[in-house]
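Chains as they are written, first to last, in my numbering: chain A, 18 to 356; chain B, 18 to 356; chain C, 18 to 356; chain D, 18 to 356.
Simulated from the structure, these hints should not be mistaken for laboratory data.
Check each hint, because a few of them may be wrong.
Which copy? The list can't say, so a pair holds if one copy fits it or any two copies do.
The calculated lysine-lysine pairs, modelled on DSS-like cross-linking and capped at a C-alpha distance of 27 Å, are [stated by the list, open to error]: (1) 261 - 277; (2) 135 - 352; (3) 219 - 277; (4) 218 - 352.
Spelled out, the chains give:
4 protein chains.
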Amino acid sequence: MLLVMRQNATQEEIDAVIGNIEAAGFTARPIPGGHRMAIGILHNKGPVDPARFLGLPGVKELIPVTRPYKLVSREFKSTTTVVRMGDVAIGEGRPVLMAGPCAIESLEQALTIAKHVKAAGAEMFRGGAFKPRTSPYSFQGLGEEGLKIMARVREETGLKIVTEAMDHEVFDLVEEYADMIQIGTRNMQNFSLLRRAGQSKKPVMLKRGMSATIDEWLMAAEYILERGNEQVVLCERGIRTFAKHSRNTLDLSAVCVVRKESHLPIITDPSHAGGHRCQVGPLARASASTGVDGLMIEVHHDPATAMSDGGQSLYPEQFNILARQIFEIHDLVSKQGEI
Amino acid sequence: MLLVMRQNATQEEIDAVIGNIEAAGFTARPIPGGHRMAIGILHNKGPVDPARFLGLPGVKELIPVTRPYKLVSREFKSTTTVVRMGDVAIGEGRPVLMAGPCAIESLEQALTIAKHVKAAGAEMFRGGAFKPRTSPYSFQGLGEEGLKIMARVREETGLKIVTEAMDHEVFDLVEEYADMIQIGTRNMQNFSLLRRAGQSKKPVMLKRGMSATIDEWLMAAEYILERGNEQVVLCERGIRTFAKHSRNTLDLSAVCVVRKESHLPIITDPSHAGGHRCQVGPLARASASTGVDGLMIEVHHDPATAMSDGGQSLYPEQFNILARQIFEIHDLVSKQGEI
Amino acid sequence: MLLVMRQNATQEEIDAVIGNIEAAGFTARPIPGGHRMAIGILHNKGPVDPARFLGLPGVKELIPVTRPYKLVSREFKSTTTVVRMGDVAIGEGRPVLMAGPCAIESLEQALTIAKHVKAAGAEMFRGGAFKPRTSPYSFQGLGEEGLKIMARVREETGLKIVTEAMDHEVFDLVEEYADMIQIGTRNMQNFSLLRRAGQSKKPVMLKRGMSATIDEWLMAAEYILERGNEQVVLCERGIRTFAKHSRNTLDLSAVCVVRKESHLPIITDPSHAGGHRCQVGPLARASASTGVDGLMIEVHHDPATAMSDGGQSLYPEQFNILARQIFEIHDLVSKQGEI
Amino acid sequence: MLLVMRQNATQEEIDAVIGNIEAAGFTARPIPGGHRMAIGILHNKGPVDPARFLGLPGVKELIPVTRPYKLVSREFKSTTTVVRMGDVAIGEGRPVLMAGPCAIESLEQALTIAKHVKAAGAEMFRGGAFKPRTSPYSFQGLGEEGLKIMARVREETGLKIVTEAMDHEVFDLVEEYADMIQIGTRNMQNFSLLRRAGQSKKPVMLKRGMSATIDEWLMAAEYILERGNEQVVLCERGIRTFAKHSRNTLDLSAVCVVRKESHLPIITDPSHAGGHRCQVGPLARASASTGVDGLMIEVHHDPATAMSDGGQSLYPEQFNILARQIFEIHDLVSKQGEI
């Protein structure tokens with residue numbers, strides 16, 4: 018439920034309405050807008066009786082939020098959220114490239130790749146320190162050692178760091194080292210982890226669950242915002258379908274739909290969507306041409322010996338060309354206007 | 018099974034091998050290449066004994082075709098097939114735009130739209146005369162009257178005509194009027210209709226079934242080529258998934274995979290994939306950036322009164338901008354090289 | 018749109034209403050019920066103005082049929098349709114077993130299997146004479162020769178015959194020989210073939226398309242009923258999902274939903290759903306316990322040499338046990354009442 | 018990798034082989050069989066060189082385990098695991114019924130339902146104390162209060178208790194109160210929680226992820242066994258497909274496949290699969306007829322006022338009839354033998 022105040026409502030009126038909402042057992046969340054104040058009424062399990070608030074001084078109208086999500090919706094906040102990490106801004110137009118290996122293997126490997134991708138235009142360095150693996154017998158990542166390597170990479174290159182946190186314990190560690198914390202596709206509905214992310218001061222990247230509807234995805238983001246962290250970036254990474262020629266099916270319609278429904282920035286991960294090197298370039302360009310706010314792409318200087326997902330990693334020289342194409346497609350589309 | 022002749026094999030040797038294959042109950046299909054002759058061995062139900070042919074003079078090797086398709090495969094023919102209709106060529110690089118209304122409603126409607134899309138750069142005019150409809154109570158198209166209108170449109174604008182044939186009876190009619198005959202998604206495994214298409218002298222556009230794997234799709238094309246018609250264009254139009262925010266999920270990975278597997282040109286239909294106007298532009302640009310050979314896009318000058326699928330039709334002015342973006346993205350990618 | 022007449026409406030009033038409907042460009046379809054006459058208003062492309070008919074003498078009410086289907090719906094006809102072929106009745110309670118090989122290979126093969134399955138309790142013999150095959154190079158069936166063999170089987174065993182018709186030409190032939198004509202999963206939306214089936218005097222079995230929603234399936238049946246053939250049996254045969262351990266995923270929820278929505282009898286095909294012999298028994302018993310009106314099961318006395326789908330065919334002795342289990346589960350459930 | 022010792026291998030030989038495996042950096046896991054000793058070689062990230070162990074005294078052969086899972090496989094342990102809680106045994110034949118409300122609401126509610134389901138033949142009481150909810154604004158369960166109520170229910174009725182643990186913190190609590198701990202569908206690949214479950218002394222029920230393949234599901238169970246807890250029950254609860262007439266599509270083929278691949282007992286949850294009351298009975302009987310080791314069914318004495326999922330809860334009197342049908346179908350099938 019969204020309560021909209023009149024343009025000329027006074028601060029006293031606003032405070033009184035908030036007090037009234039809280040007295041009724043709800044949580045009031047003021048959202049200052051350009052012209053007027055709106056107040057989100059949260060934690061209402063059932064339908065709220067509008068009559069209860071409509072008569073209060075300064076109240077203009079109540080918008081019943083039929084979508085199950087609230088804080089993440091564009092109805093709630095009409096301007097796109099910009100997630101900032103120093104001079105990196107996700108959501109301001111030009112797509113932010115996040116590139117790096119699937120897993121951090123050594124300082125040398127990480128630095129080699131990081132320098133390449135920075136030179137090609139990447140602003141963030143991605144890499145796995147703690148890896149969620151289908152098999153308990155697969156390489157599980159270097160752990161904290163991997164995080165320390167990433168921190169060194171940031172020091173030496175200036176690239177911002179993004180990496181995944183799989184549980185509470187790891188979250189505390191990752192929060193210490195990373196600039197943006199990734200919640201993976203298998204944890205999209207790990208509500209306990211989402212709440213922990215909601216208490217963080219660091220930006221969070223929330224990947225779509227591999228069979229999640231857009232509503233479920235936005236509701237998962239709602240868990241994070243509801244705890245107070247509004248720095249959330251959504252990441253489309255392909256959905257599970259009957260098709261087996263790609264690891265997943267990249268759902269580019271989701272980009273347009275999320276942009277209409279939510280103010281949160283959205284990026285894609287063409288590497289995990291395609292799962293084969295030859296699909297990464299086309300899917301990355303395709304993402305750029307839908308106007309995404311960023312792309313996460315796996316790059317490895319020696320994919321044949323990569324400890325994880327080498328087959329979907331681009332060679333550095335491929336990434337050079339691709340990065341240029343992505344920026345040029347973005348410029349071309351933003352100049353002529355999206356349709 | 019593909020039999021490869023030595024580079025210096027004589028015509029007599031080739032003829033002898035063909036005779037031998039046919040004597041064994043198979044069909045031999047010679048495929049002249051740049052450097053050597055290859056011979057497809059068709060209609061072999063089980064595994065062919067290689068010893069049978071390997072000893073013949075001039076034979077270099079037998080390639081067991083593990084893929085179930087043969088004539089459509091790039092192994093069989095390495096250069097991309099170009100489908101030509103007069104001066105329109107699908108498969109030569111620059112994407113061919115096919116645009117028009119979902120259903121032909123009147124000459125005036127058809128001409129109005131056709132002139133718009135031609136001015137914007139379309140080379141072909143699409144429109145439904147016989148419509149496959151989920152409900153027997155929905156508008157089924159103008160029938161032959163619709164075909165006559167399309168023929169008039171061609172006369173007046175020079176645009177080539179593409180429209181769907183749903184059964185044998187309609188096929189005969191459509192073949193008479195159209196430049197390219199569309200086999201729709203619901204008929205992708207209508208094997209009887211595919212065989213009919215294989216006997217046509219006109220190019221055929223084969224849409225992917227809504228839950229077809231790439232193997233099934235290429236096997237459907239194989240039915241057409243096997244009967245002698247090699248002018249086939251494949252059309253990706255979205256697959257059925259759990260996602261409900263779009264009509265279907267456009268599977269752009271399929272474009273790369275089909276290009277590797279088959280020599281047939283491939284286009285996409287972003288209008289039927291998305292099913293909502295706002296998704297058509299992004300999906301069309303996304304298709305262009307994967308290097309498709311063409312796009313089929315619904316355009317209507319007055320979508321609100323369209324008799325079919327108005328909600329996914331672009332306005333003419335939207336198509337103008339989109340067409341320009343498609344060509345520019347194509348130029349950009351082809352100049353820098355696909356990755 | 019369903020128009021319901023008052024209980025005491027006279028024949029003159031009914032005739033006048035029908036005339037009025039037809040004059041307005043619709044098709045009127047009278048459906049006599051126990052207590053009153055209802056009249057289906059067909060071919061109304063858009064919303065019908067209720068005022069137009071509500072004022073007519075004898076008219077009680079207009080029920081806007083929000084479901085897209087009409088003639089197949091239980092709202093339209095509340096009692097389950099019984100499809101009869103001689104003394105075989107599908108829809109009367111006890112499940113009708115249809116068993117036989119995937120493909121008819123020879124008279125000896127067909128008769129051997131037919132005698133087995135009859136002894137085990139089957140009432141119908143299934144078998145393919147014209148086979149829809151993904152590959153043009155696979156065995157396509159014996160054709161009319163296969164139909165003749167099936168007719169001989171009927172003569173010698175008394176089993177009714179069901180087999181597939183893939184196109185118009187084949188339909189004419191099959192109609193001549195078979196007791197029930199099967200429309201396969203790939204032809205569920207071959208609207209031209211559905212219309213042909215609607216003109217037949219023979220019962221039709223309509224398999225669900227492999228990615229068809231229940232609405233689309235019932236609309237396909239509507240095409241048949243709309244042309245005058247009400248003897249339609251629906252067959253659930255598994256849907257395409259991401260799961261690859263079975264050929265398809267048998268959707269048993271569809272059985273309950275179809276029973277609520279439609280008066281048409283429904284059977285399942287556990288052989289094509291599972292695709293592996295070991296899954297057929299469990300899926301068949303599972304179907305029986307949901308109260309299906311019949312089951313179609315592949316049986317082969319020598320599956321190792323079967324020309325098609327041997328791996329999913331039961332051995333005759335397995336079918337013996339399974340048939341007994343199916344009948345006993347049916348008795349058990351019908352005695353205690355379905356929940 | 019499974020290393021099989023000769024029948025006459027001595028204990029010294031076995032110990033030497035184990036020492037050798039561990040020295041090579043792997044974990045050796047001896048599995049005594051009826052006739053011979055087998056030794057699982059765990060934590061081998063890549064292919065193991067067979068030559069390394071094949072030459073050792075007493076070694077018969079190395080079975081390359083192509084399936085990614087080991088400890089959960091029937092190759093590893095051929096007899097079905099029986100999970101015991103006091104006199105309740107899951108995996109011994111007769112299906113164990115677990116019934117109760119979706120969410121624990123009060124002691125009175127829980128006791129009322131528990132007495133009903135016990136009288137009908139249930140051996141376990143299910144209910145949610147901590148609820149994973151798509152929305153942060155939905156009822157999240159009574160928490161520890163709910164667990165205390167369940168403990169009281171056990172005291173008064175003797176029913177064993179099963180309830181879900183969503184994270185580490187809740188796991189500690191649930192472990193204290195419950196007889197079996199449920200890992201929900203959204204947490205199937207919460208590897209950190211799986212490892213915690215592997216350290217528990219209590220049996221664990223692992224629900225299939227809503228889009229998990231059987232391999233991924235068994236690999237998730239492998240995480241639990243690998244940490245030492247072998248008391249795992251698998252629960253099929255429906256998969257996400259394009260079909261929308263049921264909440265999920267119950268995948269009964271998975272039951273047969275899991276039984277062949279794994280020694281772990283398997284149950285189904287027809288309530289969450291169907292999601293509508295009318296589908297629960299048919300899907301429950303269908304499950305019974307495939308020979309499942311148990312069923313989890315939601316029952317509520319007053320579904321209209323239930324705080325969660327009332328629409329899929331059976332009335333107690335429905336559960337009475339259904340329980341009887343389940344046991345009779347089980348008896349019937351086990352008497353005649355599964356096919």
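Now the hints, each set against the structure:
1. In this assembly of identical chains, residue 261 and residue 277 lie within 27 Å of each other by CA distance solely across copies; the values are 15 Å between and 30 Å within a copy.
2. Taking CA atoms no more than 27 Å apart as the test, residue 135 paired with residue 352 passes in both settings, with 25 Å inside one copy and 23 Å between copies.
3. Proximity of residue 219 to residue 277 under the C-alpha cut-off of 27 Å is restricted to the intra-copy arrangement: shortest distance 25 Å within a copy versus 43 Å between copies.
4. For the homomeric pair residue 218 and residue 352, neither the shortest alpha-carbon distance inside one copy (35 Å) nor that between copies (44 Å) is at most 27 Å.
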